[in-house]
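For the record, the sequence lines run as chains A and B.
Take 951 as the starting number for the first sequence in my numbering and just add one per residue.
Take 2 as the starting number for the second sequence in my numbering and just add one per residue.
Don't take every hint at face value.
Within a straight-line C-alpha distance of at most 30 Å, the following computed DSSO-like cross-link-like pairs (lysine-lysine) qualify [what the hints assert, rightly or not]:
#1 B:K31 - A:K964
#2 A:K964 - B:K160
#3 B:K31 - B:K162
#4 B:K31 - B:K236
#5 B:K162 - B:K127
#6 B:K160 - B:K127
In case anyone wonders, no lab produced these hints; they're calculated from the structure.
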Amino acid sequence: MTTLTAWLTDPNPKSRRQARLGQAWLAWLRLRRNPPAVSGALIVLVLLALAAFAPLFATHDPFVQNLSQRLLPPGTPGHWLGTDDFGRDIWSRIVYGARITLYIVTLVVVTAPVLGLLIGTIAGYFGGWVDLVLMRLTDIFLAFPRLILALALVAVLGPGIINAVLAIALTAWPPYARVARAETLTVRTSDYIAAVRLQGAGAGRIIWGHVVPMCLPSVIIRVTLDMAGVILIAAGLGFLGLGVQPPLPEWGLMIASGRKFLFEQWWVATMPGLAIFTVSLGFNLLGDGLRDVLDPRSESR
Amino acid sequence: MPEFLEIDDLSVTFTGQGREVQAVRNVSLKVRERESYGLVGESGSGKSTILRAICGLAPMSGGAIRIGGVPVPTPRGRAFSAQVQMVFQDPYASLHPRHTIDRTLSEPLAIHGLRGSDDRVIRALKDVGLPANFRFRYPHQLSGGQRQRVAIARALMLKPKIMLLDEPTSALDASVQAEVLNLLTSLRDEHGLTFLMVSHDLAVIDHMCDRILVMQNGAAVEELSREDLAAARMKTEYARSLFEASADRFMEQGLQG
Chain A
951 MTTLTAWLTD
961 PNPKSRRQAR
971 LGQAWLAWLR
981 LRRNPPAVSG
991 ALIVLVLLAL
1001 AAFAPLFATH
1011 DPFVQNLSQR
1021 LLPPGTPGHW
1031 LGTDDFGRDI
1041 WSRIVYGARI
1051 TLYIVTLVVV
1061 TAPVLGLLIG
1071 TIAGYFGGWV
1081 DLVLMRLTDI
1091 FLAFPRLILA
1101 LALVAVLGPG
1111 IINAVLAIAL
1121 TAWPPYARVA
1131 RAETLTVRTS
1141 DYIAAVRLQG
1151 AGAGRIIWGH
1161 VVPMCLPSVI
1171 IRVTLDMAGV
1181 ILIAAGLGFL
1191 GLGVQPPLPE
1201 WGLMIASGRK
1211 FLFEQWWVAT
1221 MPGLAIFTVS
1231 LGFNLLGDGL
1241 RDVLDPRSES
1251 R
Chain B
2 MPEFLEIDDL
12 SVTFTGQGRE
22 VQAVRNVSLK
32 VRERESYGLV
42 GESGSGKSTI
52 LRAICGLAPM
62 SGGAIRIGGV
72 PVPTPRGRAF
82 SAQVQMVFQD
92 PYASLHPRHT
102 IDRTLSEPLA
112 IHGLRGSDDR
122 VIRALKDVGL
132 PANFRFRYPH
142 QLSGGQRQRV
152 AIARALMLKP
162 KIMLLDEPTS
172 ALDASVQAEV
182 LNLLTSLRDE
192 HGLTFLMVSH
202 DLAVIDHMCD
212 RILVMQNGAA
222 VEELSREDLA
232 AARMKTEYAR
242 SLFEASADRF
252 MEQGLQG
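Given only the sequences and the hints, what does the whole structure look like? Please build it.
Structure (structure tokens):
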């Protein structure tokens, strides 16, 4: 172990691989020094574990209805978070719902920021009419209220997880494009971009290898801040019956079904609400920590 | 010696917000192979713009640029970048802050599909007098002089014939200036480079250049050889005033040399 850490923290790496792994180790050390980020990472890890091993954590089948045991309060033996109006165990449904939440979040994260980043950097780098066309397009998307546009898309495409994700991604990219373009404008006239252009690099290499790394930190921060919003919009679409369809245990859908008994049987809506709250908080804390980690300049010397 | 880099009647005009600014007016100059040619003038006289126009980074509105008798292509292309490279004024701005020195130096090799980048990066660091263990550092971990050495190493990666030096020492403090200038001189001898150098510091120009062109307001004023400069044989009033302005420092350097 000590030889490994010595190898990782060697100030004079022998190879590119050692240098890269050493950087990753330093990033981990920076993350570890940041307690909120660690707790955020823990929450996200727990969510990952719940989703991966849902059958182990769940005490009941999330779909089996048992009308003789409907609306049991939390703390009931066998149902420690209670049951919903069909007698399904809420804890088991939350555990299985983590899969759906994670699936939606992952799909949105690999689509919207990447699309926004590409559009923003291309617009900022080329300028002129390319910039004009792409940014007016961005403005049009920005002008629509997000949930309304998502609603319209789902109404056209039909309800379902994939369509909900598509709707969220299509409405979530414009802010990333704006951020990326603003960063690109400050970077594109810099000497280091002129130097790499002078070395004969094409636009693709310059944008991907030299401009995008400069935009990435601000975009990543936005992504983690938006993560909570994404979960809430997915929940909102589920709540309106336009996202995930019953009987799938999606958290937003579970809140929607608990609405009818909010005053008498508060736990039906509160438990999935707490799950959304916790996960959103986890992503926010992690995102804040990631900003420090991703900037090599912030490391202690 | 044959003329290597020829600039004929070059004009550069920037247009913006409905205004036209002519930064360079009808400047001609000829640089011989392995020569050091200096461009001198106060700020805003268009010296750096000439270098940027050669690289295709500033818009040419007239004239021609030839290397070895062949007009340079537009856009410049990879063949051009293997022939001409530039060292920028500010070493704090010319290195990518998120790339290691290794990435910065191996990037030109990757662009041109050249092999053996490990060895060549280590060799390049050695050439500019940097220890090999600097290879995986980031620019923020280096001093100004060390950064400028990295920028020089980067310019040399493609084995160019012509180096354009845009005030390569003006952002460095005096003790480091001399080191970098000596490094440039020895690299020129070693690699058979041709220098086209911009400076407003006559001491630096005297140390480095065989011939200089004095510029004012985007136009060429007077061409001087090193001997003319040493004997103060300026024909125009402007060149003389420029010379006198930095005479104190110039004399000091002359006495030491």
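Right, here's what the structure says about each hint:
1. B:K31 - A:K964: Given that 30 Å is the threshold and the Cα spacing comes to 46 Å, the pair is violated.
2. A:K964 - B:K160: Holds, at about 25 Å.
3. B:K31 - B:K162: holds, 15 Å
4. B:K31 - B:K236: holds, 20 Å
5. B:K162 - B:K127: Cα-Cα ~20 Å, so holds.
6. B:K160 - B:K127: holds, 15 Å
The earlier numbered hint that this structure contradicts is number 1, and it is the only one.
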